[in-house]
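Could you put together the complete structure from these sequences and hints?
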Amino acid sequence: MCLGIPGRVVEVRGDGIAIVEFSDGVSIETDANTIEGIRPGDYVIVHAGIIIAKLSDEQLETWAKDISEFIAGLEEKGEEILDMLRSLEEENVAGKSGKD
Amino acid sequence: MDRGRLNSSDIIVAVIRKIARSLSGETVKIMDFCGTHEHTIVYSGIRSLMPENVELVAGPGCPVCVTPAHYIDTVIDLALNGVRVYTYGDTYLLPGSAPPLSKKPRTLADAKAEGADVVIVYSLLEAIKHHRLHGGESVFLAVGFETTAPSTASAVVNGMVPDGMTILNVHRLTPPIMRYTFNKHRNSPIRGVIAPGHVSTILGAKAWEFIPKEYGIPTVVAGFEPNDVLTAIAYILAMLKTGRPGLVNQYKRAVKWEGNKKAQELVNKCCEIVDASWRGLGIVPESGLAFRDKYSSIDAVYQYGLEQLKRKEWKYDLPPGCRCAEVTLGLAKPTDCPLFMKTCKPGSPYGPCMVSSEGACSVWARFGGGGLVEEIVRDLGLD
Ligand code: SF4
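The listed protein sequences derive, respectively, from chains Y and V.
Quick note: the first sequence uses our numbering, first residue 1, plus one each step.
Quick note: the second sequence uses our numbering, first residue 1, plus one each step.
These are calculated hints, taken from the structure and not from any lab test.
Certain hints may be false.
[To be verified] 20 Å max Cα-Cα, derived EDC-like pairs, lysine to aspartate or glutamate:
1. Y:54 - V:307
2. Y:54 - V:73
3. V:256 - Y:42
4. V:252 - Y:11
5. V:262 - Y:24
6. V:104 - Y:29
[As the list claims (entries may be wrong)] Per label pair, the in silico range of CB-to-CB distance:
7. V:338 - Y:36: 28 to 38 Å
8. Y:14 - V:100: 45 to 55 Å
9. V:243 - Y:6: 42 to 52 Å
10. V:162 - Y:24: 24 to 34 Å
11. Y:5 - V:243: 34 to 44 Å
12. V:45 - Y:5: 20 to 30 Å
[What the hints assert, rightly or not] Computed footprint of chain V on chain Y, listed as stretches where at least three residues anywhere in the stretch have a Cβ under 8 Å from a Cβ of chain V:
13. 26 to 37
14. 40 to 51
Glycine is no exception: its CB is placed at the ideal position from the N, C-alpha and C atoms.
Structural data, given as structure tokens:
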């Protein structure tokens, strides 16, 4: 029920309806009255036939930056992150032994 | 060492384990509010990646599971009396209050089998189109949280609802149920919250500011990819470690601080906030929406003289033995219910949490609890 599906706006009609195409090639009519300033080419999230949010390239870039900054923040100390990766590798090796 | 073999999930999991190891005290209970987050957690096996002292519990974020039996009974009665009922697929199999195998239809599907006109739609827009084509008298069963309410509000406020069609408004609000849930966990408090991502596209991240402020619980608004959820868990643990509970918006690519103002305005114009019933739980103050008087012409409650459930009239509305109320509040796991995968299965749901694809019981039944295979095998007595 709360599922939101990302898609791309292909057409905005005068009556507040926007046609959105999804990654599987299916297009549907959506109610675009629920969002400000939608244009063809916008990436959006569709839920129950309405556009609930617009995804901008800028936001997507910020997302990538947020994640890398987050990881960098926790990786502050080189020693610590190396320790962590070593222990992870040990866990991986321990987990894999006997399988191959 | 070959760093190429580590992907970003490995790194986030390692961070989670490292912080978790350094946390003292009892198990850290983190609630994933939203059914779609629970789906990601289970489907991607995220529970099995958690350190021993981190427990992920599902919250009340499945609107279908909490839709009171009273409203299902109401639409079944309307359907049997010649009114066409439009329903989302998720509520088609949702049981009302009739017991299984009784003569009275238990679901809209049963009503349809008896010849009633019940049409499954993906959206209100689709229902409107169908009604325009076929005419007659119809009612649309409008369930859902803040994410779905704008679809109802937009059609109502913009005058799209055709003559002969009414809407039964059963929309529910998430912040009030979050407070209700925290109170139910007083004995073993929730120490982190993964807040619902798509609800937040509408309400804005700001809607959850009260959680760290009033309850001191770290909160992260998260997206639905496995890495989104893992990152949210890492943020929560980091906030616990530093003793600085705050609100982080990890889903900035879709969620703004202020949310979707246009959608909020439409909902405010169309609806007022009222005390509302939740299945198995009772009346929760200011947790639902009702149409404002000026829209009484499309309000099924007004047009058919239907009763809204009041505190005094509310009756426990789960089928006997079903533990959905506890599952919904994260106080029990689906496998704690003796009926799980016995009387109650996705193909033949006995309780409401087995119906929607986002119901915790249905998610666990289909994908297996998120890695707790041994536990499930033990719980089901299959070991
Ligand atoms: S398994 Fe079925 S009966 Fe048990 S709590 Fe879940 S929905 Fe209710």
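Residue 24 of chain Y and residue 162 of chain V - C-beta distance against the hinted 24 to 34 Å: This hint holds: roughly 31 Å between Cβ atoms.
C-beta pair residue 5 of chain Y, residue 243 of chain V: status relative to the range 34 to 44 Å that was hinted: holds, 39 Å
Residue 45 of chain V paired with residue 5 of chain Y, Cβ distance criterion 20 to 30 Å: holds, 23 Å
Consistency of beta-carbon spacing, residue 100 of chain V to residue 14 of chain Y, with hint 45 to 55 Å: Hint holds: Cβ distance 50 Å, inside 45 to 55 Å.
Pair hint residue 54 of chain Y and residue 73 of chain V, alpha-carbon separation not exceeding 20 Å: violated, 37 Å
Given pair status - residue 29 of chain Y, residue 104 of chain V, alpha carbons within 20 Å: Distance ~37 Å between residue 104 of chain V and residue 29 of chain Y Cα, so the pair is violated.
Coverage of the stretch 40 to 51 of chain Y by chain V (three or more Cβ within 8 Å): Coverage by chain V holds for the stretch 40 to 51 of chain Y (5 residues, Cβ < 8 Å).
Outcome for the supplied range 28 to 38 Å, where the beta carbon pair is residue 338 of chain V and residue 36 of chain Y: violated, 50 Å
Coverage of the stretch 26 to 37 of chain Y by chain V (three or more Cβ within 8 Å): As far as the stretch 26 to 37 of chain Y goes, the hint holds, because 8 residues have Cβ atoms under 8 Å from chain V.
Cβ separation of residue 243 of chain V and residue 6 of chain Y, checked against the hinted range 42 to 52 Å: violated, 37 Å
Distance restraint between residue 262 of chain V and residue 24 of chain Y, which requires alpha-carbon spacing of 20 Å or less: violated, 29 Å
Given hint residue 307 of chain V paired with residue 54 of chain Y - CA-CA distance at most 20 Å: At roughly 38 Å apart (the allowed maximum being 20 Å), residue 307 of chain V and residue 54 of chain Y break the hint.
In this structure, the earlier hints numbered 1, 2, 4, 5, 6, 7 and 9 are contradicted, and the remaining ones agree with it.
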